[in-house]
Amino acid sequence: MTFLAEDSGHNLLRDFLAISTWQSLVAITIFLSLQVGLWFFLKKYKFAFMYRVILGMGIGLVYGIVLQSIIGFPGEEDFKEMLKPGNKLYWVAELNIWASFFKNIFINGVYLLTVPIVFIAIFKITSKPGETGLGRITAKGIALLLFNVAVMFTITFFLGLLFKVGNGISLNPSEDVPGRENMPLPQIIWQYIPNNFVGALAAQAIIPVMVVGALAGGSVKILSKRKSVEMEAIRKSMNTGWDIIMSMLMTFMKIMPLAVMSMITVSITSRPIGALVVVGKVIGVGYLGVALALGLLSLEVFLSGVRIGAWWKKAWRPLIQGFATQSSNASLPIAIETLTEDMKVNGKSANTIQPISTTMGLIACAGVQSGLATSILWTGNTGGVVQEMGLFTFFIMALFVTVIASLGIAGVPGTATVVTVGVLGGIGFGVYAGSVLGVIAPLDGLFDMGRTGANVVGGVATATIVAKSEGLIDEDSELLTEKGLKKQKLIKEKHLLKDNLIKNIGLLNSKANKEIKNKDLSQEQKNIIKNNLKQDIKNEKITFKNKLEEINKK
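Sequential numbering from 1 applies to the sequence shown in the working numbering.
Since the hints were derived computationally from the structure, they do not count as laboratory data. Everything numeric in this text was worked out from a predicted model, so none of it was measured. Each hint should be verified, as a subset may be incorrect.
To be verified - In silico lysine-lysine, DSSO-like type, Cα no more than 27 angstroms apart, as pairs: (1) Lys124 with Lys344; (2) Lys344 with Lys254; (3) Lys492 with Lys547; (4) Lys511 with Lys534; (5) Lys221 with Lys128; (6) Lys514 with Lys492; (7) Lys545 with Lys486; (8) Lys494 with Lys514; (9) Lys553 with Lys494; (10) Lys489 with Lys511; (11) Lys140 with Lys492; (12) Lys489 with Lys547; (13) Lys534 with Lys489; (14) Lys498 with Lys487; (15) Lys498 with Lys221; (16) Lys517 with Lys541; (17) Lys553 with Lys498; (18) Lys545 with Lys498; (19) Lys511 with Lys225; (20) Lys313 with Lys492; (21) Lys225 with Lys503; (22) Lys344 with Lys128; (23) Lys124 with Lys492; (24) Lys124 with Lys503; (25) Lys313 with Lys489; (26) Lys503 with Lys483; (27) Lys498 with Lys140; (28) Lys547 with Lys483; (29) Lys541 with Lys492; (30) Lys225 with Lys483; (31) Lys236 with Lys503; (32) Lys344 with Lys494; (33) Lys511 with Lys221; (34) Lys236 with Lys225; (35) Lys236 with Lys344; (36) Lys313 with Lys344; (37) Lys487 with Lys547; (38) Lys498 with Lys530; (39) Lys541 with Lys526; (40) Lys128 with Lys227.
All chains, full assembly: derive it from the sequences and hints.
Below, the structure written as structure tokens:
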């Protein structure tokens, strides 16, 4: 029954207001009333932000499940028909339009701030005179991210084999493969270098933005030697810009409980969750892999010497953000803010590793997803074609291709599809990608929520662990005990001492090479310069050794 609207043709109520039936009006009114009520409830009663978000999530979950029960938990085909005007379930599609209001405002707002946050964060750490160790921090971060991908691929793959996740599923080869093929490693690297300054900022591609920020910051650092006053003014303006961006972020964070409520409701009412009966084992193994990924990250954080309870007290926020938005990029501002403001992790680690983690080494969208997909392929019915390779060879090839593929994927919804196609194509079974994705697809949206949450936490954990190893956790952080904070100070002193040694040796070499190039000098004079250089370097190393011994005695 329609409400002041026709079933076909253009209609103001349907096409402009998106309220064309009485069911739409009732469902939308109830939903908006719940949101208004939640807003005023949160205004009146002040409690921890975590519980505000969980409350919004709970209301959205209950409302979504109630609606699914009302419409009888329809299947995938019914949901496809739902989007057609005149269908008996079209009112659910109209509800989702209204329910997406705060969701899209929040996500668009966060996306709005992602590029400026990444650019300014990288600029700040690369423009500081005397700043060292960024290369080492970056290498450590990437290595740990890729290690986690390899571990979670292995765990999820053998979980899939243990539960025979593809048992009874017929996988048919097809040339119609969605997504894209793998790119050669050199191509992945050169595409990270932007060919358009404005285009790099507008495209929301994180690593190219980091490259632009590093180039700008590095140039300011170089020019500081000749134009110290002007460059210091630029650095101060960037610090002010950072404060403004963080203030804008906090404005959007105020509506996060409403946004999460919207996200959960839309996620449940726009997908055939009744398909759990059919593909429950697949999604169950997938979420078990996600849970184990979070367990692995917790273990690594604990073994690094960080207080795991205090860490999770702060890390839940980026986890919820990733879970709700299904986008590592959209979660990036909250993750960086959590690391730097809540956990007191130095920006050298947080501002470098967290942005990288949205593109490289996604622990769940690469590790868990690929492990699940390849285990479906191995245990599914392919007529023995896949098994001819042998389990060990199949596993090693899939592991290697997964790690390589995880170097160049974007942290946005749909990433897992790209990984699946790339990995299956990389091991020579790309023709089965469509069939494998068909098994996961009915509930991929719900699975993606867990995957993205784990991806975001993976970056937060890696940034924390690397910061701990570099002595970059601030003295007022709750992550470490008093003894741990003292150790941090010593670790930082050691790294600074080593970095200064490398810097001083570099300056001595540069000075000596410049003197040797003087054509007016005789060979004997040049030899004297070389001998003096050797002695100076030796003295620097002796000084370094003595100071290091003093630090070790503390």
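Against the structure, the hints:
no. : hint               : in the structure
1   : Lys124 with Lys344 : holds (16 angstroms)
2   : Lys344 with Lys254 : holds (22 angstroms)
3   : Lys492 with Lys547 : holds (13 angstroms)
4   : Lys511 with Lys534 : holds (13 angstroms)
5   : Lys221 with Lys128 : holds (6 angstroms)
6   : Lys514 with Lys492 : violated (33 angstroms)
7   : Lys545 with Lys486 : holds (21 angstroms)
8   : Lys494 with Lys514 : violated (30 angstroms)
9   : Lys553 with Lys494 : holds (12 angstroms)
10  : Lys489 with Lys511 : violated (32 angstroms)
11  : Lys140 with Lys492 : holds (16 angstroms)
12  : Lys489 with Lys547 : holds (15 angstroms)
13  : Lys534 with Lys489 : violated (32 angstroms)
14  : Lys498 with Lys487 : holds (17 angstroms)
15  : Lys498 with Lys221 : holds (21 angstroms)
16  : Lys517 with Lys541 : holds (26 angstroms)
17  : Lys553 with Lys498 : holds (17 angstroms)
18  : Lys545 with Lys498 : holds (10 angstroms)
19  : Lys511 with Lys225 : holds (16 angstroms)
20  : Lys313 with Lys492 : holds (25 angstroms)
21  : Lys225 with Lys503 : holds (16 angstroms)
22  : Lys344 with Lys128 : holds (19 angstroms)
23  : Lys124 with Lys492 : holds (19 angstroms)
24  : Lys124 with Lys503 : holds (20 angstroms)
25  : Lys313 with Lys489 : holds (24 angstroms)
26  : Lys503 with Lys483 : violated (30 angstroms)
27  : Lys498 with Lys140 : holds (17 angstroms)
28  : Lys547 with Lys483 : holds (22 angstroms)
29  : Lys541 with Lys492 : holds (19 angstroms)
30  : Lys225 with Lys483 : violated (39 angstroms)
31  : Lys236 with Lys503 : holds (26 angstroms)
32  : Lys344 with Lys494 : holds (20 angstroms)
33  : Lys511 with Lys221 : holds (20 angstroms)
34  : Lys236 with Lys225 : holds (17 angstroms)
35  : Lys236 with Lys344 : holds (21 angstroms)
36  : Lys313 with Lys344 : holds (13 angstroms)
37  : Lys487 with Lys547 : holds (16 angstroms)
38  : Lys498 with Lys530 : holds (23 angstroms)
39  : Lys541 with Lys526 : holds (23 angstroms)
40  : Lys128 with Lys227 : holds (14 angstroms)
Of the numbered hints listed earlier, those contradicted by the structure are 6, 8, 10, 13, 26, 30.
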